[in-house]
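Engineer: Below, each chain spelled out in residue letters.
Number of protein chains: 2
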Amino acid sequence: MRVLVRELGTYIDEKVMVKGWVHRIRELGGISFVLLRDRTGMVQLVYEGKVGFTQESVLSVEGKVRKNEKAPGGLEIHAEHTEVLAQAHADLPIPVNQEPEKLSLEALLDNRMISIRIPKIRSIFKVQSTILKGFAEYLRQQGFTEIKTSKLIGSGTEGGTGLFSVEYFDTRVYLAQSPQFYKQAMISSGLERVFEIGHAYRAEKHDTPRHLNEYVSLDVEMAFIETEHELMDLEQGILNHIFRLVKEENGEDLDVYKATVPTEEEVNRIPRVTYDEAKEIISREGGKKVFDINPEGERILCDWAVKEHGVDAAFVYAFPRKKRPFYAYPEGQKTRSFDLLFRGLEITTGGRRIHQYEMLLEALPKFGLTPEGLGGYVDIFKYGCPPHGGFAIGLERLTQKILGLANVKEASLFPRDRKRITP
Amino acid sequence: MRVLVRELGTYIDEKVMVKGWVHRIRELGGISFVLLRDRTGMVQLVYEGKVGFTQESVLSVEGKVRKNEKAPGGLEIHAEHTEVLAQAHADLPIPVNQEPEKLSLEALLDNRMISIRIPKIRSIFKVQSTILKGFAEYLRQQGFTEIKTSKLIGSGTEGGTGLFSVEYFDTRVYLAQSPQFYKQAMISSGLERVFEIGHAYRAEKHDTPRHLNEYVSLDVEMAFIETEHELMDLEQGILNHIFRLVKEENGEDLDVYKATVPTEEEVNRIPRVTYDEAKEIISREGGKKVFDINPEGERILCDWAVKEHGVDAAFVYAFPRKKRPFYAYPEGQKTRSFDLLFRGLEITTGGRRIHQYEMLLEALPKFGLTPEGLGGYVDIFKYGCPPHGGFAIGLERLTQKILGLANVKEASLFPRDRKRITP
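If you're matching them up, the sequences are chains X and H in order.
Yeah, the first sequence ends on 701 if you go by this note's numbering, and it's all consecutive.
Yeah, the second sequence ends on 701 if you go by this note's numbering, and it's all consecutive.
It should be emphasised that the hints constitute simulated quantities derived from the structure, not laboratory data.
Fair warning: this is a prediction, and the values are worked out from it, not measured in the lab.
For glycine and all other residues, C-beta sits at the position ideal for the given N, C-alpha and C.
Careful: at least some of the hints might be erroneous.
Stated by the list, open to error - With a cut-off of at most 30 Å between alpha-carbon atoms, the simulated DSSO-like pairs for lysine-lysine come out as follows:
| id | chain 1 | residue 1 | chain 2 | residue 2 |
| --- | --- | --- | --- | --- |
| 1 | X | Lys411 | H | Lys398 |
| 2 | X | Lys404 | H | Lys404 |
| 3 | H | Lys380 | H | Lys525 |
| 4 | H | Lys536 | H | Lys585 |
| 5 | H | Lys411 | X | Lys525 |
| 6 | X | Lys411 | H | Lys293 |
| 7 | H | Lys345 | H | Lys293 |
| 8 | H | Lys411 | X | Lys404 |
| 9 | H | Lys536 | X | Lys398 |
| 10 | X | Lys567 | X | Lys525 |
| 11 | H | Lys525 | X | Lys411 |
| 12 | X | Lys525 | X | Lys536 |
| 13 | X | Lys411 | H | Lys404 |
As the list claims (entries may be wrong) - Simulated restraints, written as ranges between beta carbons of each label pair:
| id | chain 1 | residue 1 | chain 2 | residue 2 | range |
| --- | --- | --- | --- | --- | --- |
| 14 | X | Lys525 | H | Glu326 | 25 to 33 Å |
| 15 | X | Ala684 | H | Gln634 | 18 to 26 Å |
| 16 | H | Ser310 | X | Glu650 | 30 to 38 Å |
| 17 | X | Thr449 | H | Gln634 | 41 to 49 Å |
| 18 | H | Gly421 | X | Pro371 | 25 to 33 Å |
| 19 | X | Glu609 | H | Glu384 | 49 to 57 Å |
| 20 | X | Glu504 | H | Thr439 | 25 to 33 Å |
| 21 | H | Gly440 | X | Ser310 | 47 to 55 Å |
| 22 | H | Gly421 | X | Lys483 | 35 to 43 Å |
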């Protein structure tokens, strides 16, 4: 029976079998010290003489567990029988037992099949797995149903710009930018509360530390709300649940990034400022008048939130109508929509939507749209749709900000940008 | 405060507010009986005289809860104050308060934005939500990490047939048929045990009750296995967990389809027969010699499993090498791969994979492949990959078979087939 490295402490002076990768080989005075890595940690193996396997080879090793204060983790295994399950070639394209910071982002991504072996990089995706769990778990507790909707759409929605086109038998379809219409259809179906975890696509030529052309969207939609503040409440609940789980399950992963997650108390005091107030704050704090909230402004507003509210995040609501999609619920020249900025980056956009058929028909021409151009979308509202709203959290952006990564691409296993289509 | 229909029993003779859709309006002797539908059920509202709203309109209603044995569910609400949150137009394209069986599949799918309001259809997607939960929950308990990998791939894998192509800036990419290579990369990264829930695409011209061009794949990959039987054990564990949850959480949904899920005892006795044995059984039971296992054969084998083992499912393993992809682990002319048939349909394909670099290089030319044609795939194995294997469960097929649906398209919210690209 294989024993995991994490469990070795209960097998001192006993014989065990461990399996894993050769992280490092060091020869010293006729003894080889081999660091073996499995999914739970690393342990030192001790061999007499030289070893016949290379770094990154996969081993199955039997031997006795001994205490040794000098060994990493305080334990070592005196190897008695070793089976090489896979011998690795010696010409590793990048080192995997060094800090990833010593390599460029390009080198890490070009060699992604290998760079994901670096334990510090694997930590990113362990945290991401917990985010996925926390998001779904909290929403299920609140009576939400998980849905999966098509990523192939027949017509360009939301204006139709920035869509990738797909050859689909004898016709052409597009990759969905968001499940927006489908999640609205589902709340209107009577499910009332739905969420979806799915890929989303933006054919934008951006190449910035905050953009991906393919990302994972954590989408929520909820019926029978009155205002966007109920959505912000819900998002705070989700984030609290995610942060609690990350703290519980990813303590070591946070440590290697010297990262912490906000406490529940901090999340609960995230300030809510209107778009106009936000511009004023940014103008004042940044020392120059702004007419829009750009990435620099997002950082300034978060700095202000730290100073004034002790939390590195801020909700901005009451966005002007012309800055939001046609379906944003109007309130004069403003809308009932919001963003959440977290550690200087917008990680969420959402809001209440128009649910009345007549109001929607009236809004479309203002945005240069026709009911026909939107596929079956307007039918959702023709036949009775409750007041509702929702939002989406970018999975990679949330991961990035939790760990303090410089570039969102680091938080995508196999990122796609304008130039990068492999591996 | 809104009260959900399910909770009304605790409010007898009290005043409550309910919200939902008008499912049916019936006038009788100067009284209008309105059936109101919310996400938890239906309740009868009683109005004096005629009502001013149409079917499918969305209401917020205040009134007293009264016992009435003649009312559906034994309760009714005497409406005192009604707010019409959204008035529905009267020309519903399909009725939503009748059994869906009265409509054709085409009518249901053409009018999907409306047909999802039919409670019996919503049940399908409530069950599907539970399957998603059960799959992830069980695997996390077993130490698996959830991953999200790119659905845009730079080169055609597994031979390159049946791929949809995407215009990607100045080049061309493809929609992934499966996360196969990526999940193998991730187990080799040291995560060892990973799962992914994601969309998969097949550009096949099939239009059968068992095919979709876009579906959701429940993918698993696990390192340090010896044989495919460990994978079958794992799949039985997953299915037991899913079936238990579906029974607990979807009792009513199962009832409306007169469906049941297998017990743990039944799942645990699913027979495992080799491909050659399966052909013999099908030949004998079907009364004519077969040389392959086609859909008819899958049904015959499941019938045999019911008769001989008391369970409507069978694992088939030891598939011939030429019937499996190049990465299937060879065992002479056979492979360590398997299928799971459930209620007459293949819902899973999986197996142990080749993990040795040299063995892989030797296998490729037999399948007309080159290392270069596979992107960075072979690098996974060049640098030490443990013995491993995995499988994928088709979400829609599993949903279909749990509920006994005639066509897999019924188990997809917005199905895509050769002709259907909307809604």
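Engineer: Next step is simple, just say for each hint if it's right about the structure.
Structural biologist: Hint by hint, here is what the structure shows:
1. The straight-line distance between the Cα atoms of Lys411 of chain X and Lys398 of chain H is roughly 29 Å, inside the 30 Å bound, and the hint therefore holds.
2. Annotation: proposed proximity of Lys404 of chain X to Lys404 of chain H holds, straight-line Cα distance about 29 Å (limit 30 Å).
3. A C-alpha spacing of about 27 Å is found between Lys380 of chain H and Lys525 of chain H, which places the hinted pair at or below 30 Å, so the restraint holds.
4. For the hint linking Lys536 of chain H to Lys585 of chain H, the alpha-carbon distance of about 21 Å falls within 30 Å, and the restraint holds.
5. Our distance criterion of 30 Å between C-alpha atoms is met by Lys411 of chain H and Lys525 of chain X, whose separation comes to about 22 Å.
6. For the suggested pair Lys411 of chain X and Lys293 of chain H, the alpha carbons sit about 39 Å apart, so the restraint of at most 30 Å is broken.
7. At roughly 13 Å between alpha-carbon atoms, Lys345 of chain H and Lys293 of chain H fall within 30 Å of each other, so this suggested pair holds.
8. Between Lys411 of chain H and Lys404 of chain X the alpha-carbon distance is near 19 Å, which keeps this suggested pair within the 30 Å criterion.
9. Under the criterion of a C-alpha separation no larger than 30 Å, the hint pairing Lys536 of chain H with Lys398 of chain X is inconsistent with the structure, at around 51 Å.
10. Restraint check: the Cα-Cα separation between Lys567 of chain X and Lys525 of chain X comes to about 39 Å, which exceeds 30 Å; the hinted pair is violated.
11. For the suggested pair Lys525 of chain H and Lys411 of chain X, the alpha carbons sit about 22 Å apart, so the restraint of at most 30 Å is met.
12. Restraint check for Lys525 of chain X and Lys536 of chain X: the C-alpha separation of about 13 Å stays at or below 30 Å, so the hint holds.
13. Of the pairs offered as hints, the one joining Lys411 of chain X and Lys404 of chain H holds, with about 19 Å between alpha carbons and a cut-off of 30 Å not exceeded.
14. Remark: the range hint 25 to 33 Å for Lys525 of chain X to Glu326 of chain H is contradicted by a beta-carbon distance near 57 Å.
15. The beta-carbon spacing between Ala684 of chain X and Gln634 of chain H, approximately 38 Å, falls outside the hinted interval of 18 to 26 Å.
16. Distance hint check for Ser310 of chain H and Glu650 of chain X: the Cβ-Cβ separation is about 36 Å, which falls inside the suggested range of 30 to 38 Å.
17. Thr449 of chain X and Gln634 of chain H have their C-beta atoms about 44 Å apart, which keeps the hinted 41 to 49 Å range intact.
18. Distance hint check for Gly421 of chain H and Pro371 of chain X: the Cβ-Cβ separation is about 29 Å, which falls inside the suggested range of 25 to 33 Å.
19. Distance hint check: the CB atoms of Glu609 of chain X and Glu384 of chain H are about 42 Å apart, inconsistent with the given range 49 to 57 Å.
20. Checked against the hint of 25 to 33 Å, the pair Glu504 of chain X and Thr439 of chain H fails, with Cβ atoms roughly 53 Å apart.
21. Checking the proposed 47 to 55 Å range against Gly440 of chain H and Ser310 of chain X shows it holds: the Cβ atoms sit about 49 Å from each other.
22. For Gly421 of chain H paired with Lys483 of chain X, a C-beta distance near 41 Å keeps the hint of 35 to 43 Å intact.
Violation of the numbered hints given earlier is confined to hints 6, 9, 10, 14, 15, 19 and 20; the remaining hints are satisfied by the structure.
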